[in-house]
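K.L.:
Chains S and Z supply the protein sequences, listed in that same order.
The first sequence runs 2 to 275 under our numbering.
The second sequence runs 738 to 891 under our numbering.
Any given hint might turn out to be false.
To be verified - Beyond 12 Å from chain S on every Cβ pair, some chain Z residues (computed):
1. 777
2. 780
3. 794
4. 800
5. 802
6. 820
7. 821
8. 826
9. 827
10. 853
11. 864
12. 871
13. 872
14. 887
15. 891
To be verified - If you want a taste of the chain Z side facing chain S, the calculated C-beta under 8 Å gives, among others:
16. 795
17. 796
18. 809
19. 812
20. 815
21. 822
22. 823
23. 824
24. 825
Simulated from the structure, these hints should not be mistaken for lab results.
Every residue, glycine too, gets a C-beta built ideally from N, C-alpha and C.
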Amino acid sequence: MTVSQIRNVGLPLMKLVRWEGVPILRQLQLEEQLLRTSSENWCIINDGTKNPTIVMGISGISKLGKPAELLKLDRVLNDRIPVIRRFSGGGTVIVDHGTVFVSFICNKDAVSGLQPYPQPIMSWSSQLYALVFREFGDFNLRENDYVFGDRKFGGNAQSITKNRWIHHTSFLWDYEVSNMAYLKHPARAPEYRMARDHLEFICRMKEYMPRSVFIDRTIEAVETHFSLRPVRLEAMETDLNPRFAHSTKLLTKQELEAAGFESHLKTSSLSHSL
Amino acid sequence: MASRLWASKAASYLRLSVFHRGFSSVVEDLKYADSHEWVKFDGKSAVVGITDHAQDHLGDVVYVELPEAGTTVTQGSSFGAVESVKATSDINSPVSGKVVEVNEELSSSPGLINASPYENGWIIKVEMNDTGELNSLMDSEQYTKFCEEEDAKH
């Protein structure tokens, strides 16, 4: 046996999937299906997604007009930027080839002593990433964001079912300033943001460490908890039921236009009543 | 000491059990699922919500995904979700039957689940198929012990 094989004896098994440029909609739909129908532990790393895409949390389209509060809808519609509503909680992000995604899907007993609730899972993840980012910056978990100092570079979201949970992160390896212009300043923002403009609030990971080092170190950190087995995407998909009903979906132009119209109506009725 | 005595008397009046270590309240006469939902029943009618223990561990609820009236629910299966912090968490039905009413207040005031988990924060009303399912749920004493053991393990 090799040294790493000896070290991994006794650790729970986790399947490792490494992708490059897989479309984020496909990734999220796969994750939702694995969360709900698989009984195994998974780590999914997707290095970039091809086209700029806006990804909203579960409540992003809950009320008519809400997307208009979070997005510059005219610009989004005009430039035909895809908007996805994902199955997990949390806020709105715009992702592209400069985003690195890392997701953990686990059975609730997979991590010894970990209670399957938002805060303990968030804390566990931050300890794992503290190993990854040691020496590379002033890393911290701050109001559920990963930061260097007071600048966010990683956004988190979770979904917790009866017996399983997912914690997934979008890491800002790099970003296009023009893409950030599609997002509005959200009404519900962390306190440490202190009303900073988007570009003053976030930072690029590439200014702190090489991309391959981040991914390699993440895998090493995961191996302190799990025995990893690489799996290919094609092999995975043949085992999955093609009729699974995803809640993760691409919002239609009509849905977004309706959201914009409702928001306009609200604004108009407010100004009339004043 | 005096405030603890007062709290015990108040708890007794309200038929609450308050275990001081965990600070979560448990209501007598309800039944409880191991996924931390409660059910109040009267004949075939049931009201369902999540417990004080659950809301405390989830954090501030900011959104509730509710089913529609007329939906079928199955014991142990998910019928909706709450969002808190960055997480969605499934709500599982402790009984099987048909949803006859949904607490629409939760759409505009999701925080009712935190503020009043057993009263104003109720989530659905169900017409039960089989009241015998209630026998597989925990009573308040069993649920209190269950929560203590769960918290002690972690």
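K.L.:
Given residue 823/Z as an interface hint, is its Cβ closer than 8 Å to any Cβ of chain S?
P.N.:
4 Å, holds
K.L.:
Holds or violated: is the Cβ of residue 820/Z farther than 12 Å from all Cβ atoms of chain S?
P.N.:
4 Å, violated
K.L.:
For the hint on residue 812/Z, just tell me whether its beta-carbon gets within less than 8 Å of chain S.
P.N.:
Violated, because the Cβ-Cβ distance from residue 812/Z to chain S comes to roughly 12 Å (cut-off 8 Å).
K.L.:
Going by Cβ atoms only, is residue 822/Z closer than 8 Å to chain S?
P.N.:
5 Å, holds
K.L.:
Taking the least C-beta to C-beta distance, is residue 825/Z closer than 8 Å to chain S?
P.N.:
With a minimum Cβ separation of about 4 Å from chain S (threshold 8 Å), the hint on residue 825/Z holds.
K.L.:
Examine each Cβ of chain S, and state whether all of them lie more than 12 Å from the Cβ of residue 777/Z.
P.N.:
Holds, because the least Cβ-Cβ distance between residue 777/Z and chain S comes to about 21 Å, which exceeds 12 Å.
K.L.:
Test the statement that residue 864/Z is away from the interface with chain S: the closest C-beta pair must be farther apart than 12 Å.
P.N.:
Label holds. Min Cβ-Cβ 23 Å, cutoff 12 Å.
K.L.:
Confirm or reject the statement that residue 780/Z sits farther than 12 Å, beta carbon to beta carbon, from all of chain S.
P.N.:
28 Å, holds
K.L.:
Evaluate the condition: distance from the CB of residue 853/Z to the nearest CB of chain S exceeds 12 Å.
P.N.:
The claim holds: residue 853/Z sits with its nearest Cβ about 20 Å from chain S, beyond 12 Å.
K.L.:
Decide, holds or violated, for the assertion that all CB atoms of chain S are farther than 12 Å from the CB of residue 891/Z.
P.N.:
4 Å, violated
K.L.:
Holds or violated: is the Cβ of residue 871/Z farther than 12 Å from all Cβ atoms of chain S?
P.N.:
Check passes; 19 Å lies beyond 12 Å.
K.L.:
Regarding the hint that residue 795/Z lies at the interface with chain S, is the smallest CB-CB distance below 8 Å?
P.N.:
6 Å, holds
The structure fails hints 3, 4, 5, 6, 7, 8, 9, 14, 15, 18, 19 (numbered hints given earlier, in ascending order).
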